[in-house]
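Take these sequences, add in the hints, and give me the full structure.
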Amino acid sequence: MPELPEVETVARSLRPRLVGREVQAVETSGLALRRPVDQRALRKALVGARVDSVVRRGKYLLFAASSPTAGAQLVVAHLGMTGRFVFADHDAPVEPHTHARFLLDDKGPRELRYVDARRFGQIAVYPAATAERSDELSVLGVDPLEPAFTVAWLRAELATSRRDLKSFLLDQGRIAGLGNIYVCEALHHARLSPRRRADRVTSDAALRLHAAIREVLETSIANRGTSFSDYVDADGELGSNQEALFVYGREGERCRAPGCRGTVRRIVQGGRSSFFCPVHQR
DNA sequence: GCATTACCCTGAAAGC
DNA sequence: TGCTTTCAGGGTAATG
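Just so we're aligned, residue 9 is where the first sequence starts under the numbering used here, counting upward by one.
Keep in mind that the hints were calculated from the coordinates and are not lab data.
Note that the Cβ used here is the ideal one computed from N, Cα and C, for glycine as well.
Worth double-checking, as some hints may not be accurate.
To be verified - Pair ranges (Cβ atoms, derived): (1) Arg42 to Thr168: 24 to 30 Å; (2) Ala125 to Arg269: 24 to 30 Å; (3) Arg20 to Thr77: 27 to 33 Å; (4) Lys115 to Ala80: 18 to 24 Å; (5) Gly267 to Thr158: 29 to 35 Å; (6) Asp212 to Ala156: 32 to 38 Å; (7) Pro76 to Glu251: 21 to 27 Å; (8) Ser248 to Val63: 51 to 57 Å.
Unchecked claim - In silico SDA-like cross-links for lysine to any residue, where the CA-CA straight-line distance does not exceed 20 Å: (9) Lys52 to Asp99; (10) Lys115 to Pro24; (11) Lys115 to Asp99; (12) Lys52 to Val84; (13) Lys115 to Asp60; (14) Lys52 to Thr36; (15) Lys52 to Ser37; (16) Lys52 to Gly28; (17) Lys115 to Val55.
In structure tokens:
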């Protein structure tokens with residue numbers, strides 16, 4: 009399940025082999041992802057274009073490209089649940105659920121492919137000048153690894169919401185990039201219950217939460233992400249952060265917090281599983 | 001504003 | 001063994 013650390017790892021693995029390359033052709037499967045993929049728009053924007061950068065914002069991958077005919081472009085991609093970008097040779101067998109193929113120049117692997125079994129992902133392209141106003145990017149909140157994500161900002165934001173912390177932290181319009189795994193882990197580190205109301209988080213607890221969010225994300229990036237089933241980076245490498253999880257997916261097992269004798273519980277909030285230790289998360 | 005539910009989709013796991 | 005059902009989840013939309 010790609011969340012911020014997994015998307016960051018993908019961006020880092022794509023960058024050295026993609027930046028500076030020219031796109032020569034684009035093919036799509038014709039099947040809709042979360043939204044339909046506009047093959048004509050992708051071709052018009054990208055064929056003949058050079059990739060200038062690959063960055064992450066929240067859970068989105070942003071590919072900047074400059075086209076001699078179409079000008080500066082931004083490809084906005086989301087991996088959904090099972091999306092993967094993989095490099096392949098042009099004549100390599102096309103694996104099932106491949107929805108986009110970007111033929112590249114001959115200075116490296118000839119194709120970048122997007123593979124997504126569940127088709128919850130997304131690929132769109134916008135002129136760079138208007139991309140910030142797109143449906144995807146215009147609604148994103150603060151990226152938790154950016155300087156704008158401060159303790160003061162988090163305290164102020166918490167005070168404006170009566171929702172429970174689980175829903176609050178998953179809201180991409182407030183904090184962009186956290187998903188189910190890292191919300192569970194961050195709350196565990198901060199010793200806060202996922203059921204706690206956001207506006208009832210004390211100043212000290214907000215400080216802990218801020219540090220916990222940064223810590224779980226940075227640890228996972230160092231571990232190249234969490235791989236449960238589908239997630240691999242653009243080199244096909246699995247992450248190892250699943251071994252570092254304290255609560256996610258550990259229902260019924262002993263809490264791993266030092267000195268805690270609690271048992272990890274699973275509850276459902278907003279249709280999503282929350283894993284937490286009721287003994288030390290309050 | 002917020003909670004709840006359904007939907008999109010496939011594959012793995014559970015149940016029979 | 002083999003079929004059917006259930007579940008997982010990010011984001012969006014409809015409904016209450």
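Right, here's what the structure says about each hint:
no.: 1; hint: Arg42 to Thr168: 24 to 30 Å; result: holds, 29 Å
no.: 2; hint: Ala125 to Arg269: 24 to 30 Å; result: violated, 40 Å
no.: 3; hint: Arg20 to Thr77: 27 to 33 Å; result: holds, 30 Å
no.: 4; hint: Lys115 to Ala80: 18 to 24 Å; result: holds, 21 Å
no.: 5; hint: Gly267 to Thr158: 29 to 35 Å; result: holds, 31 Å
no.: 6; hint: Asp212 to Ala156: 32 to 38 Å; result: violated, 22 Å
no.: 7; hint: Pro76 to Glu251: 21 to 27 Å; result: violated, 47 Å
no.: 8; hint: Ser248 to Val63: 51 to 57 Å; result: violated, 24 Å
no.: 9; hint: Lys52 to Asp99; result: violated, 24 Å
no.: 10; hint: Lys115 to Pro24; result: holds, 12 Å
no.: 11; hint: Lys115 to Asp99; result: holds, 16 Å
no.: 12; hint: Lys52 to Val84; result: holds, 15 Å
no.: 13; hint: Lys115 to Asp60; result: holds, 15 Å
no.: 14; hint: Lys52 to Thr36; result: holds, 13 Å
no.: 15; hint: Lys52 to Ser37; result: holds, 17 Å
no.: 16; hint: Lys52 to Gly28; result: holds, 19 Å
no.: 17; hint: Lys115 to Val55; result: holds, 16 Å
When the structure is compared with the earlier hints, violations turn up for hints 2, 6, 7, 8 and 9 and for no others.
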